[in-house]
Amino acid sequence: DAGVTQSPTHLIKTRGQHVTLRCSPISGHKSVSWYQQVLGQGPQFIFQYYEKEERGRGNFPDRFSARQFPNYSSELNVNALLLGDSALYLCASSSGVEGYQPQHFGDGTRLSIL
Amino acid sequence: RKEVEQDPGPFNVPEGATVAFNCTYSNSASQSFFWYRQDCRKEPKLLMSVYSSGNEDGRFTAQLNRASQYISLLIRDSKLSDSATYLCVVNKLDDYKLSFGAGTTVTVRA
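Sequence lines, in order, name chains A and B.
Its first residue numbered 1, the first sequence is counted upward by one per residue in this note's numbering.
Its first residue numbered 115, the second sequence is counted upward by one per residue in this note's numbering.
Everything labelled a hint here was simulated from the structure, so no lab data went into it.
Some clues are possibly wrong.
[Unchecked claim] PhoX-like mimics (lysine-lysine), calculated; alpha carbons at most 25 Å apart, straight line:
| # | chain 1 | residue 1 | chain 2 | residue 2 |
| --- | --- | --- | --- | --- |
| 1 | B | Lys-206 | A | Lys-30 |
| 2 | A | Lys-13 | B | Lys-156 |
| 3 | A | Lys-30 | B | Lys-156 |
| 4 | B | Lys-156 | B | Lys-116 |
| 5 | A | Lys-52 | A | Lys-30 |
| 6 | B | Lys-116 | B | Lys-206 |
| 7 | B | Lys-159 | A | Lys-30 |
| 8 | B | Lys-159 | B | Lys-193 |
| 9 | B | Lys-206 | B | Lys-159 |
| 10 | B | Lys-116 | B | Lys-159 |
| 11 | B | Lys-193 | B | Lys-156 |
| 12 | B | Lys-206 | A | Lys-52 |
With the rest of the complex left out, here is chain B (with noise of 0.2 Å):
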């Protein structure tokens, strides 16, 4: 079983859309939780931290479920930017290895 699993889409979701997904993780002793955003053929970049009682960050909000082992993240209001791959990254707290899952691809369309 991957320690990681994601649903890999592809979500085609209208401008103005709300679309959200999960991701699965394997390990309980994992500890921190990620979202990156990669655009096509380019470097991840950190979207959000993952906190425990859940976070937003603008249209962006995580939420993270200990008990079920999943991460969830929902983009409000879907601007045609948005079109990326999002990373599910887990880790625990003294752990140096980022574990990725293998990516949501979201396509938001005019």
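Excised from the complex, chain A in its bound form (with noise of 0.2 Å):
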């Protein structure tokens, strides 16, 4: 069984541009939640979608903002780019939300603001 998938792998952006970050989650998986990861950091915390709807999001700005379709494929946008959204783009998907769950990760999206 496939994974979770991310594409594009790469992304060179200029500031001021947006970007569209695709996840299709693991086969009979409901949720995704999405991950932004700078260098020398963990993984911070976006969004996470469930039976597409928004259950949470962290403290990013509203240039960040996502969806889930029917599919439970899911799409990140972000506006306005900065050359602090430079990072590697995570998305996780689990069968349900319970905190137990573990999330399986795709390869991310390395996003470059030039």
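Using the supplied hints, reconstruct the complex from the two chains, each of which is provided in its own coordinate frame.
As structure tokens, this is what we get:
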């Protein structure tokens, strides 16, 4: 079975542009979470979606938005890109939303802002 | 204060050695605990869940001390392939958000 897949793998943008990152969860998983990982830090929670509804949002500005589709895939959108948005963006899926259920990560999208 | 704190290391150990490190968490409501492993520029991968009674998975042993709010990971008979960053992760039972430490880097040398 395929794991969590993310696209694109790498992306270069300039300040002020917007970006859309995509994620397909493991088959059967209904929960998708997004994390941002800057160099030298652990991943920071951005959003969680379950059954197409936003279940949680981390401490990120409104420039960050996301949605989940009927097939449980998800998109993360970031507007008005800043240099500080350069990071590895990770998508994770799990079968439910309970805390004891491990989350499985995709390979990530490495976003560079010039 | 950060929600999860780890000694960043690096821990440089020879093959076959035992290495152990801790992480502390600040939220006493935390109920689920995990260790993830992350190789350079790769995604985090679940290494093991941590249970209250402590648990072992091959050469890896995890312990949880709720009173002192820390989690430990011990690696026995280290292999070169154990070189990675180990991320301590906690969350609450009904919560959706994983809280990560910044990671502990382990380098195993031949």
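Quick rundown of the hints versus the structure:
For the hint pairing Lys-206(B) with Lys-30(A), the CA-to-CA distance comes to about 19 Å; that is within 25 Å, so the pair holds. For the proposed pair Lys-13(A) and Lys-156(B), the alpha carbon gap of about 21 Å is at most 25 Å, so the pair holds. Simply put, Lys-30(A) and Lys-156(B) have alpha-carbon atoms about 24 Å apart, close enough for the 25 Å limit, and the pair holds. Of the pairs offered as hints, the one joining Lys-156(B) and Lys-116(B) holds, with about 24 Å between alpha carbons and a cut-off of 25 Å not exceeded.
Straight-line distance between C-alpha atoms of Lys-52(A) and Lys-30(A) comes to about 8 Å, which keeps the hinted pair within the 25 Å bound. Among the hinted pairs, Lys-116(B) with Lys-206(B) is consistent with the structure: their alpha-carbon atoms are about 16 Å apart, no more than 25 Å. With a C-alpha separation of about 19 Å, the suggested pair Lys-159(B) and Lys-30(A) falls inside the 25 Å cut-off, and the hint holds. For a cut-off of 25 Å, the pair hint linking Lys-159(B) to Lys-193(B) stands: about 18 Å separates their Cα positions.
Distance hint between Lys-206(B) and Lys-159(B) is fulfilled; the C-alpha atoms sit about 20 Å from each other, no more than 25 Å. Distance hint between Lys-116(B) and Lys-159(B) is fulfilled; the C-alpha atoms sit about 22 Å from each other, no more than 25 Å. Between Lys-193(B) and Lys-156(B), the direct Cα distance comes to roughly 19 Å. Compliance with the 25 Å bound is thereby established for this hinted pair. Between Lys-206(B) and Lys-52(A) the CA atoms are separated by roughly 22 Å; this keeps the pair inside 25 Å, and the hint holds.
Every hint from the earlier list agrees with this structure, and none is contradicted.
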